[in-house]
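Protein chains in written order, with the numbering used here: chain A, 2 to 257; chain B, 75 to 368; chain C, 11 to 300.
Hints may be right or wrong, so weigh each one.
[To be verified] Which stretches of chain C does chain A cover? Using the computed rule of at least three CB atoms under 8 Å from a CB of chain A, they are:
1) 65-79
2) 151-161
3) 181-189
4) 192-200
[Stated by the list, open to error] Simulated restraints on C-beta separations:
5) D215/B with A268/C: 33 to 43 Å
6) I17/C with I335/B: 34 to 44 Å
7) T214/B with F258/C: 38 to 48 Å
FYI, nobody ran anything at the bench for these hints, they're computed from the structure. All C-beta atoms, glycine included, are put in the ideal place defined by N, C-alpha and C.
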Amino acid sequence: MTGSTVLKVDALSKSFGGLRAVSDLSFEVKAGTITSLIGGNGAGKTTAFNLITGNLAPDAGRIFFRDKRIDSLPPHKVARAGIARGFQELRLFNRLSARDNVEAAIPGQRGESIIRSLLGGHTLRVESKIATARSRALLRDLTIETQAETPAERLSYGQQKLLSLGRLLAGEGELLLLDEPTSGLNPSMVEDFCLRMRALTQDGKTILLIEHNVGIVMRLSDWVVVMHQGTKIAEGRPAEIRNNVTVMHTYLGITS
Amino acid sequence: MSIFAQFAFNGIVAGSVYALIALGFALIFTASRVFHFAHGGVYTLSAFAGYTALVTFKLGIVAGFVAAIVIAALIGVLINILLYEPMKAGGVSPFVAMISSFGVLIIITHVVAMIWGSNPVVLSRGGQTTVYHFGPIYTTDAQMLIIGLAALLAIALYVFFRHMRLGIAIRALGNDSELAEIVGMPAKRLRNIAFIVGSALVGVSALLIGLNVGIIDFNMGSDIVLMATVAMIIGGLGNVGAAAGGGFVLGMIQNIAIWKIESKWQMALSFAILIVVLLFRPSGLFGAKQAASL
Amino acid sequence: MEYFVYIGTLVAIYTTLTISLNLLVGYTGLISVAQAAIYGVGAYVTALVALHLTSDLLASFMLASMSGVLVSLVVALPSLRLKNEYFLIATMGFQAIIFSLFMNLDITGGASGLYGIPHPVLFGHTIRSSFEKFLLAAALAVVCYVLALRITHAPFGRLLRAVREDQMAVASLGKSVFQIKFSIFVFSAVFAAAAGTIYVYSLTAIDPVAFALDESIFIITLVIVGGTGSLNGSVLAAAALIVLPEAFKFLAIPEAIAPQLRQVLYGLLLVFFTRYRREGLIGEYRDVLK
C-alpha cells in the first residue's frame with residue numbers, strides 16, 4: 002500500500018572510539034518509493050546501512066521495519082524479515098558460478114538444511130529444478146544468462162553489478178538497500194539501471210539507495226535524505242534539495 | 075611459605091623463558107602477520123647448532139652462541155624469503171601460510187631427529203653451575219641470566235618500537251605496508267630484518283635455556299612455540315611488549331598452579347586460559363584493541 | 011596378506027578422517043586442528059564402553075557419534091564466532107586440552123593407553139578376523155563418501171562454499187552462517203569419532219600418541235594434498251600417503267630414521283602443496299558436478 006512507512010529510523014547513534022559515525026539520525030522510507038541517501042565521504046551513510054541490516058549494533062535509537070522493531074536482530078534475521086542488502090564491494094561468491102550466486106539467495110530451500118541434504122530424495126530434485134529455472138529466468142532478465150555457469154570472479158564489472166542485483170532480487174525482499182549501485186557503470190548501463198529501479202517500484206518494491214551521482218539522485222528519487230557528519234541535515238523531494246542552500250554548501254558544492 | 079616463594083621465583087624464570095621466545099615470535103608476527111610456527115623449528119635447530127659448536131667441536135661458549143644465533147637468523151630469514159614472501163606476493167591468505175609453517179616445523183623437527191637422534195642430548199658447558207640463594211630461594215647463574223636477558227630485551231624492543239624509525243616502520247608494516255615504506259625501506263626488506271632479529275633472539279634463548287635445563291631434544295621447539303602462541307594471545311597481539319607480558323603471566327600461572335594442581339595438568343591449564351582469553355578478551359591482557367571475533 | 015589388510019584398513023580409516031575434515035576445511039574454509047582429538051574421543055569412548063559394558067558394534071558407533079556431537083558442542087559453539095586464524099588457534103587449544111585428558115586421566119590409562127579391547131559384536135556375530143574389520147572400515151569410508159557427496163551436491167553444499175567465499179554476504183541472504191558452520195562441524199566430528207571406533211576395534215589397543223596435534227596436522231596435509239573440496243582427491247591422498255612410506259621398507263632405510271623420514275616427507279608435501287599447488291592433486295571442487 003503506497004504511502005505507508007516501510008522503514009523508520011529513529012534517533013540512531015553509533016560511535017567508534019571517539020568518532021561519532023552516526024548521530025541522532027531519523028528518517029522514514031515510504032512504500033513503493035525510491036529514496037536516496039546522499040552525503041559526502043564520512044557522512045555515515047554506509048554505517049547507517051550497517052545499522053539497519055544488523056551488521057552493527059546501535060549505541061542508541063530504534064529501527065522499525067513495517068511495525069516490527071529490528072535494531073537488535075542479527076543480519077540474517079533482518080534479511081529474512083524482508084530487507085535485501087547490496088554491498089558497495091559487491092561481495093559476490095567469487096568462485097561460484099553466476100547461477101549459484103543467484104540460487105544461493107532463493108529463500109525457503111529445504112535442501113539447505115544438512116539433514117534434508119543427507120536424506121536426499123525426490124522432493125529435493127524437484128526443488129532444485131525449480132530453483133534452477135528461477136535463477137535462469139532472473140539471469141535472462143538481467144541479460145547475463147549466457148554467463149550462468151561462469152564463476153562470478155570472471156565476469157566483467159558491469160556483469161558483476163548485474164549479478165549482485167540478481168542475487169538481491171532472488172531473495173524476494175520487500176525493501177532493497179543498494180550501496181553505490183551505479184559506480185563504475187557506463188551511461189547506457191546507468192540508463193538500464195534507472196529503468197529497472199522504476200520497474201521494481203511498480204512491482205511493489207521499496208528502494209533505499211546510497212548514491213554519489215547527483216544526476217541519478219535527482220532523476221530517479223522520489224525522496225532525498227541528506228546526511229553530513231553522521232546526522233541528517235535536510236530531506237525532501239529532489240527539486241527541494243537542489244534549491245536548498247545549506248545542502249549546496251555542505252555537500253553538493255556546486256553552483257549550477 | 076618459602077615453598078611458595080620458590081614456586082613464584084620459578085614462575086619468574088619460566089615467565090622470562092616464555093617472554094624471550096614470545097618476543098621474537100611477536101616481532102615476526104607484527105611485521106608479517108603470519109603465525110610463524112616454524113619459529114619452533116628454528117629454536118630447536120639453533121640449540122643443536124650451539125650444541126655442535128660447544129660440545130661436539132668443543133669450541134667454547136662464545137662459539138656456541140655465535141653458532142646458535144647465526145643458524146637461527148639464517149634459517150629464519152630463509153623461511154621468509156622462500157616461503158612467506160612468495161605466498162604474500164601471490165595474495166595467499168596468512169592462514170595458508172600458517173599451515174605451511176606447520177609443515178616447515180615438522181620438517182626441521184624431524185631432520186634434527188634424524189641427525190642427532192630422537193633421544194635427549196645432554197648439553198653442558200663444562201665446569202660447575204654456580205648456585206646462589208637469596209633467603210628461601212635457590213637459583214643458578216643461568217637462570218639469573220635468563221631473567222636479566224628477558225628484562226633487557228623487553229626494554230630494548232620497547233624502545234626500538236616506540237622511538238626508533240626502523241622499529242616504528244616495522245610496527246606500521248603490520249597495519250599498512252605502504253605506510254612503512256615512508257621510512258625509505260621497502261616492506262620486504264623490513265620484514266626480512268624482523269625475521270633476522272626475531273630468529274636471532276630465539277637462537278640466543280634456545281641455547282641459554284638448553285644450558286639451564288641441561289638437556290635438549292628434537293621436540294623442544296614444537297612444544298615451546300605452542301606456548302609462545304599462547305603467551306602472545308594471552309598478552310595481546312599487536313605489540314611485542316604485550317607478548318612478553320603474556321609470556322611472563324603464563325610462566326607465573328604454570329608455576330604457581332603447581333602449588334594446587336599436579337604438574338601434569340599445566341599444559342591443559344595453559345590452553346584453557348588461551349581459550350578463555352580468545353573468547354572473552356580477544357585483545358589480550360595488555361594488548362591493543364583487536365577484534366578476534368566476526 | 012595380513013599386511014595388505016592392515017594397510018587397507020588404515021587407508022579406509024584415513025579416507026573417512028580426510029573426507030570429513032575436507033568438508034570442514036576445504037568446502038567451508040574452517041581450518042580445525044582438533045580432528046585428531048575428536049577421533050581420539052571416539053576411540054576412547056568405544057574402548058572404555060567395550061572394556062566395561064558392551065562391545066556391541068551398533069552401540070559403539072552410536073556412543074562414539076554422540077561423543078562426537080558433545081565434543082562439537084564444547085569446541086565449536088564457543089569457537090565458531092572467531093575469525094579464521096583465531097578459530098584455528100582455539101581448535102589448537104582444544105586439541106591440546108583433550109590430548110592432555112587422554113594422557114593424564116587414570117581411566118584412559120594415561121600415557122600407556124588401553125589394551126585388551128574385546129572384539130566387536132554385530133547381531134550376535136563376533137567380528138574377529140582382520141579382514142572382517144577391514145570390511146567394517148571400508149563400509150564406514152563408503153558411507154562417509156556417499157553422504158559427503160550428497161551434501162556437496164545439495165543446496166547445503168553450495169552454502170558451505172558460499173560461507174567460504176563471504177560470510178557477510180551469506181548472512182545478507184537471510185541464511186544463518188552459524189547454523190551452517192555448526193552443522194558441518196558436527197557432521198565432521200561424528201565421522202571422525204566413528205573412525206575412532208574402527209581404529210580401536212582394529213588394533214584392540216589405544217596409544218594416546220596417535221591422537222596428538224601431529225596427527226591433526228597429518229589429516230590436514232591429506233586434505234590439502236588431495237585437494238580442498240575434492241572428495242576423490244581425499245581418497246587418493248589417503249591411499250598415497252599411507253602406502254608410499256610403506257615403500258620405504260623396501261628401500262633398506264635404517265629402522266632408526268624411517269619414522270623421522272616419513273614425517274619429513276609429510277612436512278615436505280604439506281609445504282609443497284600449500285606453496286605451489288593449493289588445489290592439491292585433483293584440484294578444487296572438481297567432482298562437484300553442476
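request  = Quick one: which hint numbers does this structure break? Sort them smallest to largest.
outcome  = 1
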